[in-house]
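Asker: Using the sequences and the hints, build the whole thing.
Chains as they are written, first to last, in my numbering: chain A, 1 to 82; chain B, 83 to 215.
Keeping only pairs whose Cα atoms sit at most 25 angstroms apart, straight-line, the calculated DMTMM-like set for lysine to aspartate or glutamate is:
(1) K48(A) - D141(B)
(2) K96(B) - D158(B)
(3) K150(B) - E27(A)
(4) K48(A) - E144(B)
(5) K48(A) - E205(B)
Hints are computed from structural coordinates only; laboratory data are not their basis.
Okay, here's what each chain looks like letter by letter:
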Amino acid sequence: MLVMRRRAGESILIGEDIEIQIIHIGESRIKIGITAPKSVAVSMKEVKLVGQENLAAAQLRSMAALRNMLDRLIEGPAGDEK
Amino acid sequence: MVFPDGIPAFEQEKRFLAVRQPISEPLVFLQSLANPNVCFATLPAPSVCPGYQLNIASDDLETLGLEKGRQPSIGDDVLCLAILSLTENAPPTVNLLAPIVVNVRTLRGCQAIQPDSSYSHREVLPVREAPCS
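Answerer: Quick look at the structure:
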């Protein structure tokens with residue numbers, strides 16, 4: 001990973017048309033401005049993680065697993081501690 | 083329920099039906115109205131994690147049509163559902179980082195990603211904490 005030191009107001013360029021500007025540095029977070037072509041998707045990393053988790057969760061193919069989990073949720077573990 | 087922006091990875095799914103059935107309590111199924119194959123199993127976040135705290139970003143409060151200055155109250159203002167994920171050979175997990183939040187008055191919803199929260203998108207479900215029925 002390339003590491004750069006920047007101050008508030010300074011920028012980083014990625015390629016020809018992406019600019020990342022440090023707008024404000026606070027105590028626990030920084031404010032960043034991103035200029036990029038419309039074709040480049042810009043999002044918080046969490047959006048991707050949540051999307052992947054949603055894709056996995058939408059595969060409700062394992063109804064048996066769901067049933068099993070529900071039984072444990074409702075009745076408590078039935079001799080199956082792990 | 084209407085999700086104006088869909089949810090991550092399912093941006094096209096804008097309308098969901100919440101289904102509860104006695105046989106599957108306390109699960110709430112979120113069924114897409116447009117796509118029969120898209121259905122999520124969820125649990126009310128407070129039932130998974132008593133005292134669950136919301137920390138919804140102002141953009142999401144706006145999508146939900148809620149006041150920006152304060153966090154909504156679960157139950158009074160919003161429904162808060164954590165999506166359940168079942169993987170083979172792994173304990174079930176729930177996404178408490180990004181719960182499905184629905185305004186109970188307008189039925190507008192979104193998946194509220196809460197980067198400042200201490201919850202994970204893969205909290206292991208405490209299955210032994212069984213609510214009595």
